[in-house]
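Given the coordinates of chain B, assemble chain U onto it according to the supplied hints.
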Amino acid sequence: MATTAKKKDVVIVGLGWTGSILGMELCEEGLEVLALERGPDRDTVPDFKYPDVADELKYAIRYGFMQRPRNSTLTIRRTLEETALPYRSLGSFLPGDGVGGAGVHWNGHTWRPMAEELRLRSYVEETFGAEIIPEEMTLQDWGVDYAELEPYFDRFEKVAGIAGQAGNINGEVVEGGNPFEAPRSGDFPMPPLPQTVDALMFAEAARAMGYHPFPRPAANASQAYTNPYGMQLGPCNFCGFCERFGCLNYSKSSPQTCVMAALKRKPNFEYKVNSEVLRVELARDGRTATGVTYVTAEGEEVFQPADLVILAAYQLHNVHLMLLSGIGQPYDPITGEGVMGKNYAYQMNGGTSLFFKDVEFNPFVGAGSNGMVIDDFAINQIDFAAEGFIGGSYISSGTTNGQPIRSMRLPPDTPGWGGDWKKATKEWYGHSMSIGSHGSNMAYRDTYLDLDPTYQDRFGRPLLRMTFNWKPNDIRMTQFMKSKIEPIAESMNPDIMASGYKADGAMYDVRPYQTTHNVGGAIMGTDPTSSALNRYLQSWDVHNVFVMGANAFPQNIQYNPTGVVGALAYWSAEAIRTQYLPNPRPLI
Amino acid sequence: MSTSAFKTTRRQLLQSAAAGAALSAITHPAWAQSAPAVPLDEYEPTYFSAQEWAFILAATARLIPSEGDGPGAIEARVPVFIDLQLAGDFGIAADWYMDGPHDPAAPAQLGYQSPLNPAEVYRAAIAELDDWCSEEHGAPFAELEAETQNAVLTALENGELTLSSTQGASFFGLLLQNTKEGYFADPKYGGNHGMAAWVHIGFPGARASFLEWVGIERAYPLGPVSIAGERA
Chain B
31 MATTAKKKDV VIVGLGWTGS ILGMELCEEG LEVLALERGP DRDTVPDFKY PDVADELKYA
91 IRYGFMQRPR NSTLTIRRTL EETALPYRSL GSFLPGDGVG GAGVHWNGHT WRPMAEELRL
151 RSYVEETFGA EIIPEEMTLQ DWGVDYAELE PYFDRFEKVA GIAGQAGNIN GEVVEGGNPF
211 EAPRSGDFPM PPLPQTVDAL MFAEAARAMG YHPFPRPAAN ASQAYTNPYG MQLGPCNFCG
271 FCERFGCLNY SKSSPQTCVM AALKRKPNFE YKVNSEVLRV ELARDGRTAT GVTYVTAEGE
331 EVFQPADLVI LAAYQLHNVH LMLLSGIGQP YDPITGEGVM GKNYAYQMNG GTSLFFKDVE
391 FNPFVGAGSN GMVIDDFAIN QIDFAAEGFI GGSYISSGTT NGQPIRSMRL PPDTPGWGGD
451 WKKATKEWYG HSMSIGSHGS NMAYRDTYLD LDPTYQDRFG RPLLRMTFNW KPNDIRMTQF
511 MKSKIEPIAE SMNPDIMASG YKADGAMYDV RPYQTTHNVG GAIMGTDPTS SALNRYLQSW
571 DVHNVFVMGA NAFPQNIQYN PTGVVGALAY WSAEAIRTQY LPNPRPLI
Chain U
210 MSTSAFKTTR RQLLQSAAAG AALSAITHPA WAQSAPAVPL DEYEPTYFSA QEWAFILAAT
270 ARLIPSEGDG PGAIEARVPV FIDLQLAGDF GIAADWYMDG PHDPAAPAQL GYQSPLNPAE
330 VYRAAIAELD DWCSEEHGAP FAELEAETQN AVLTALENGE LTLSSTQGAS FFGLLLQNTK
390 EGYFADPKYG GNHGMAAWVH IGFPGARASF LEWVGIERAY PLGPVSIAGE RA
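Chain order of the listed sequences is B and U. All residue numbers for the first sequence refer to the working numbering, where the first residue is 31 and numbers rise by one. All residue numbers for the second sequence refer to the working numbering, where the first residue is 210 and numbers rise by one.
One chain only, chain B, in its complex shape (with noise of 0.2 Å):
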């Protein structure tokens, strides 16, 4: 039997990015709030600091920061037919656990989407009609446009300390910016981190081609920093462990160096590690929650009762929960009814590889978002109609690590073994860079999450199960980005190329390391019947419910999802704020 706490005015439950944002700004309200996480709790110092965290093997191949799948994990299978099996170990991508989240692991990409891409069904039955949409692709609109979240995108901006070059500010065309991107009330709060070599040959040869490169927004400090909270960054110094690792510099954007320790300062708040929620506890008429049930790092069972939960996991995790605790009707595929689990969609990457036997390229020299880009072949530059795909990725050229166990990029023909590779390891490490694309992905009927029938968690709760594949429309886009790229690969005289894009036929393969940009499954929208949050993020069914992260997307960005992950969190905390504190029910 559970044990019942005393009440709270808000359980969160995660504490990470979004987590740690809530927390602070429903404690600026005066409520007495508990964040429960369920991993442990970490610090620069002691989890990050140099030299122990300079440790490939530890973190980047063994995953040091992430969830183990024994405690949390989840089924996949690419089609309807096919049997899901438990993702055991981890590859294709990588949830963060403890304290900060993946917020501690990520590189730091900090983007805002195109206006366009919030409203992307109206858009493209506007400009190229409704019968270019494929029949099995559930495209829709967010419910939100960028003008009303552009302030929040400042706000993420101002506390994460980006630093970037604005392309367009109020409308004006800001030289060395991206052109092509959604107006900004004002400047980036750093200016861009300096870049490495292939950044700048992949720039000079885009420039050369008539493209418009611009620095990739990073949340790596590029000079030193305070944020509104108060935290203070230090500049980036370029050690080249930073994606799947904690920054030991105070350089890395993280729950940790922008929020964290301004959080603990709030008499309101009080946070648990070790601390696993099982499931959201209903009313009885379902309408509203009471609370949640967590078990303790000693394993009791604990019923927290709050007047509102706001679930801040990782997007599978939510997802994962609110199927659990009944809130919202499952989806089934068949019929295209209910929303939970609806839309799931993943990230279309690929990338060209540039092999220079006369240059230094020194990889080890990197930071997590140093890199040039370039949006021409953004969403909002392509003829859908024309190419015959829906979508659009950036383009882009950066070093973020040179550790050699997975870095090790050498020529497509060389051999995986023997006295041939330990050769080239000596002859072409150092000497590579490449150029990659980063792209949409749309969600479809048949890719959604929903519970398994057969494999349990330690907990005996159903695992998440995961039903994803790649689709010809995304395979087109991922195409026409080859075709893209590599002339400008070629412009480049490089001594050997290989491309490396998926190709028709291509099926899902958990294994490599791909993204983790997981998005959709609890998607907002305008209406009930599609969507399982309303434009706030309140969950339509259970008002006192509130649900962050990129389980919100319809379908994918071609961008990284944090920037936007971080303004819905703002964005959704001031309409908890000033619309449902005052006066608590469905916002719509």
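Calculated directly from the structure, the hints in this document are not laboratory data. Zero decoy hints are in this set.
When the alpha-carbon atoms are kept at most 25 Å apart in a straight line, the in silico SDA-like pairs for lysine to any residue are as follows:
id	chain 1	residue 1	chain 2	residue 2
1	B	LYS453	B	ILE435
2	B	LYS453	U	ALA428
3	B	LYS387	U	ASP278
4	B	LYS387	U	GLU421
5	B	LYS456	B	PRO524
6	B	LYS456	B	ARG439
7	B	LYS302	B	THR323
8	B	LYS456	U	GLU356
9	B	LYS88	B	ILE435
10	B	LYS88	U	ASP298
11	B	LYS88	U	SER418
12	B	LYS38	B	THR323
13	B	LYS456	U	GLU439
14	B	LYS88	U	ARG416
Keep in mind the model is a prediction, meaning the values are calculated, not measured.
What follows is chain U alone, placed relative to chain B:
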């Protein structure tokens, strides 16, 4: 294959072990506080049996041979790394979801589905492979000529030779991955002895501070440091 390929290579094995010992004596720098590393043929494995140890010494020496520029797996003490990894959390799949049912016949793209953990995969695979080598080539893997060993590993890699005892796990994939890990990981894990693999490619290890080198197209001049502060 001709029978000459089947001759025992224990001599070669001892040679490479001696090379490892010699190398450790030569490259063990004066600053080091720790005692010189035990020669591989005197090393007492934590996880492996004697027969398994002989297999690991021989197989890793083929995957990253000693010949040519730079250390081989033996000089880098990769076998020690693998032994310690299998004796620890990696070996027992401490972080992995291992609940059944298991479907060893699942498409490879759905990831690891064997009921065996990596340590069990090594144990089963080495036994089966040594039996197979004895039957086909008249001696366990470690005692075959290098050319034959290469042919066996190639057949394993290509799937021409399949092992039923690993229940769907790719032993070759694991072995190759762990060999490269032991070659390039920080020396604290037992491999990459003397940071020789880092010196070979020009990776500066745990230096982790390069702001003044951003955008500079000149080879970085400093050698590696390890997490323990060793230099090479």
